[in-house]
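Visitor: Could you put together the complete structure from these sequences and hints?
Residues per chain are reported as follows:
There are 2 protein chains.
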Amino acid sequence: MPDYQAPLRDLRFVMDEMLDYPAHYARLPGGEEATPDVVAAILEEGARFAREVLLPLNQSGDQEGCLLEGGEVKAPKGFKEAYQQYVEGGWPSLAAEPAHGGQGLPHSLAMVLSEMICATNLAWGMYPGLSHGAADALRHHGTEEQQATYLTKLVEGVWTGTMCLTEPHCGTDLGLIKTRAVPTADGAYEITGTKIFISAGEHDLAENIVHLVLAKLPDAPEGSKGISLFVVPKFMPDAGGNPGERNGVACGSLEHKMGIHGNATCVMNFDAARGFLVGPPNKGLACMFTMMNAARLGVGIQGLGLTEASFQNALAYARDRLQMRALSGPQAPEKPADPIIVHPDVRRMLLTQKAFAEGGRMLVLYTAQMLDVVEHGQDSAERERAETLLSLLTPIVKAFLTEVGFEATNEGVQVFGGHGFIQEWGMEQLVRDSRITRLYEGTTGIQALDLLGRKVLMSQGESLKVFTKEIHKFCKGEEGNADMAEFVAPLAKLNAEWGELTMGIGMKAMKDREEVGAASVDYLMYSGYVTLAYLFARAAKQAQQAMAGGSDEAAFYQAKVKTARFYFQRLLPRTRAHAQCIQAGAEPLMALSAEEFGLGFEI
Amino acid sequence: MPDYQAPLRDLRFVMDEMLDYPAHYARLPGGEEATPDVVAAILEEGARFAREVLLPLNQSGDQEGCLLEGGEVKAPKGFKEAYQQYVEGGWPSLAAEPAHGGQGLPHSLAMVLSEMICATNLAWGMYPGLSHGAADALRHHGTEEQQATYLTKLVEGVWTGTMCLTEPHCGTDLGLIKTRAVPTADGAYEITGTKIFISAGEHDLAENIVHLVLAKLPDAPEGSKGISLFVVPKFMPDAGGNPGERNGVACGSLEHKMGIHGNATCVMNFDAARGFLVGPPNKGLACMFTMMNAARLGVGIQGLGLTEASFQNALAYARDRLQMRALSGPQAPEKPADPIIVHPDVRRMLLTQKAFAEGGRMLVLYTAQMLDVVEHGQDSAERERAETLLSLLTPIVKAFLTEVGFEATNEGVQVFGGHGFIQEWGMEQLVRDSRITRLYEGTTGIQALDLLGRKVLMSQGESLKVFTKEIHKFCKGEEGNADMAEFVAPLAKLNAEWGELTMGIGMKAMKDREEVGAASVDYLMYSGYVTLAYLFARAAKQAQQAMAGGSDEAAFYQAKVKTARFYFQRLLPRTRAHAQCIQAGAEPLMALSAEEFGLGFEI
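Chains H and R supply the protein sequences, listed in that same order.
Residue 225 in this note's numbering sits at position 196 of the first sequence, with consecutive numbering throughout.
Residue 251 in this note's numbering sits at position 222 of the second sequence, with consecutive numbering throughout.
There's no promise every hint is true.
Copies of the same chain are indistinguishable here, so a pair counts whether it falls within one copy or spans any two.
Cross-link-like lysine to aspartate or glutamate pairs, in silico, EDC-like; alpha carbons within 16 Å at most [unchecked claim]:
#1 K254 to D408
#2 K364 to E251
#3 K254 to E616
#4 K364 to D202
#5 K103 to D233
#6 K364 to D349
#7 K498 to E74
Hint data in this document are derived by calculation from the structure and do not stem from the laboratory.
Remember, it's a predicted structure, so these values are computed and weren't measured experimentally.
Guide: See the structure below:
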């Protein structure tokens, strides 16, 4: 069975040493309670919960799946009990506002714990995972009464939440939804329609489920301007706030999926279900984006968690499995063959995983600081800057970390050879589970359009400049530092190129809007690689400083510098391909007619 | 349910127009019967069999899987009947020698049919698929008696074959095998040991199974020099050549796998099973490579077939699914949204699939001609040249087509968005099925070492030169052809760089053998991209000529040129990343100690 240890040492490096989280928390209202000791204790306890409670249920949950019987969904064995422990441990309320019963700790801390949950049991993590988005929507857009009724229960964790957006004929294009909301005499609404792909739409982990549902009011404007958001509970709360009468919403069927079998992905039928408007009428899409942005960061963290899980197990296997001799001569002559970690190509795969795990962790924690500042920052200029960076980096976190996460989990299978394809070893499950992360909460293509179109080009490149200026400043600061030249020289070059490529697309897009879509995914991947290069350069500097200061953990810092070097020499060259593809423009993509695509096989 | 139409028009283009198969077959002994009419009839009949018989069993076979009961394995419903039709149709004997009951048609023709089988039902295809390798081993190394007893049955298809190589502790490193062969008084052997991952090791499709087994004789030399090959039937043939007494070989269990659920992947226990030596004692590894090379080409074709299957279904979905408007304005204003094929990023994914399908098909058919010449060619110089090219291209066919096949099937899922993750649509099955192709018959890493180490560097680059000279000649021939400049200029440059990179690795490897392993996978991928560039350039030329000649299929040829252009502009840039990674050398991979890999999470 796969094992997992939370990467506490690496987290300490990124949080305490590189990004100075202690100072960050000290400045944050509410953060002052997140002292280094408290943080360390929380992370250790979270690590224990993930490893001892969630991990043992991961393979069994995958094999067992969920069961729909008489309208009730049973999650796999042990899921409910694990969720009870989660609630009893106070985990759901960690980063929620004290006003709603939360502990008021910084969001970044919850994100770190989320990595551990995703690494050990993604399917389980999707039950509480959706509650955050629902809670965010209610916190920002709900009435006081809605907050008192639903939000406190979500924060406490005794109820869970869902996001009901997708319908059979539309996912990305929510302007097409058909679900209707008809006002009732008492100011509520009757919601009728079918939603699909609803994660944790129905289950037996919590006593009630709070659905956040997009629907159209009568006479709503056409398209995405006519969407409203509603809260629709599974059980109507009674006078005491406890689950009362059953509402008209039910799970029609469970999807059979490639992965995350332990999570109930439901078709939800709303049949004149009683619901309540959240936020202003016809402004549901904006409210939805509140949920969506939190969810997108969350999915990026899923990519990171699965990368780390796959890496740790591939590493253990590579140290243990004996096969062939090193080309340069036996490394373990006393054994019948060398452990496969001696082979350079196995190392290439392991280092790819390791670099994406450590790079992804830096990216998440860097972005998490921005989120903390956006949520709690006192200085408005600082908050505005953080908002800009957060909004720029969110699609990168989501799409880049899930794309490379899928690659990394596949490298894990590859290290295991044929055994990687066998369920028993657990490596193929990580691939299947990670496959969804490139799709849900907006595919990679959608994230890429968000990044390039909405975030970068719509701001005339200003949002990008906020980030590239920071990188530029870092590079300038290291000029003349010979130890850093191997990182700073290529980084500075890429940073300048990033701006040039952006400008190039912007110019072309003025003539032809399709140029944006044609460049978008390559642009996103390019951006991800440069962002990680910046963070790895900072990590290398931090590690060099620690070694110069005579640390007694020289091996750890040495490994960090070597990993950064691997990243720069063996992963960063991919920017060359992406840059060329960006520059190739839209013409090679748009040239074929829809018919011409099929002429090789259609008669 | 997914659909499939054999790409007959594209096959005709590659076979008849580009590679002049009619002339190739006319020159081949035995090939003269493969007249264009006969070939067309066979391909059409094969297309029908694949679509009408195999395709409907693909999803049900995946969901049902195989069942082991009382030592007997039942394949999914319908598999046995489909196999009977296959045998009755004479398909197994198509390319076998008339001396063994075969029809003596060229091997290349069987490979084309194999693409159709893999595209429609890979799990089913693995039952007859392994017979080819077993038959090859017996044809080349078996005694006349063994050929009469076993080979004719394999050719007829009433018996199937297996390749029993892997053991729990060794796959790549067969020198470590523990299975023993003890001579008996009558000149036979008793085989004892456990083999794992045996595809079609036990099933109910055929009346007998012929296992080709690697084992060690008593006092065999250590390691890979002490391996011998044995034929071990499931049922001992009786005096009439029919299945008689049960032999001491049985399926111990079935593996639970990520994909190809319909195929029985068996643990096979040999308990003093009666077997017969094939080829000389201790020369089993060489005999095994006879099976292996055929199998490797076969796996590359699996990658191709799955690519085409995924492409066709993604294309149909992209034309049908309405979502969002084109950025440049509505393309189907009469509909509620545009079909997603209008979006450039969807086109990028479809074209990636299309280019890998068409490029892979050209590579397979180019290589297949070499195989035909090696098997049947009359001119010894021509045969030697074909042998060189075949041996150079085999690891590229195997590893490159499976790596890009996995990418292509994943693009298919991505085009479907969330629906791609749902089993019902069939797209995720193609991903799961294709995942094994990167692993079995030698992982991508092993193919890469074979290409760079054994094929290229061990011949001092001579084998590569045979191919790069051909490419050089093609480029020279197009000098001054302005219509071809967009293809020929980058191709010529890459072709020269290919040699330089090879030389660079060779020089470094003289000092440090690990440089070979460090460069190998990037070298293989680089080689694959350049090889496809050569073939796409030839395809573009062919298409341009056809249009210049006033063809009434201008749209087909136009699409071919546009696909070639997409390949050059949007896929070939990946060579830039691979070239840089090759040049980065071994140092970044070898720097970390085995301990240093784990310092982020190990305490």
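Visitor: Work down the list of hints and note, for each, if the structure agrees.
Guide: Against the structure, the hints:
1. In this assembly of identical chains, K254 and D408 lie within 16 Å of each other by CA distance neither inside one copy nor across copies; the values are 33 Å within and 74 Å between.
2. When the C-alpha separation of K364 and E251 is checked against a cutoff of 16 Å, the pair qualifies only between copies, where the shortest distance is 14 Å, while the shortest distance within a copy is 71 Å.
3. With identical chains, the CA atoms of K254 and E616 are never at most 16 Å apart, being 32 Å at best within one copy and 56 Å at best between copies.
4. With identical chains, the CA atoms of K364 and D202 are at most 16 Å apart between copies only, with a shortest distance of 13 Å across copies and 59 Å within one.
5. In the homo-oligomer, the alpha carbons of K103 and D233 lie at most 16 Å apart inside one protomer (6 Å), although the nearest pairing across protomers, at 37 Å, exceeds that limit.
6. Taking the shortest alpha-carbon separations for K364 and D349, only the intra-copy value of 11 Å comes in at or below 16 Å, while the best inter-copy value is 59 Å.
7. In this assembly of identical chains, the alpha carbons of K498 and E74 never lie at most 16 Å apart, being 38 Å within a copy and 64 Å across copies at closest.
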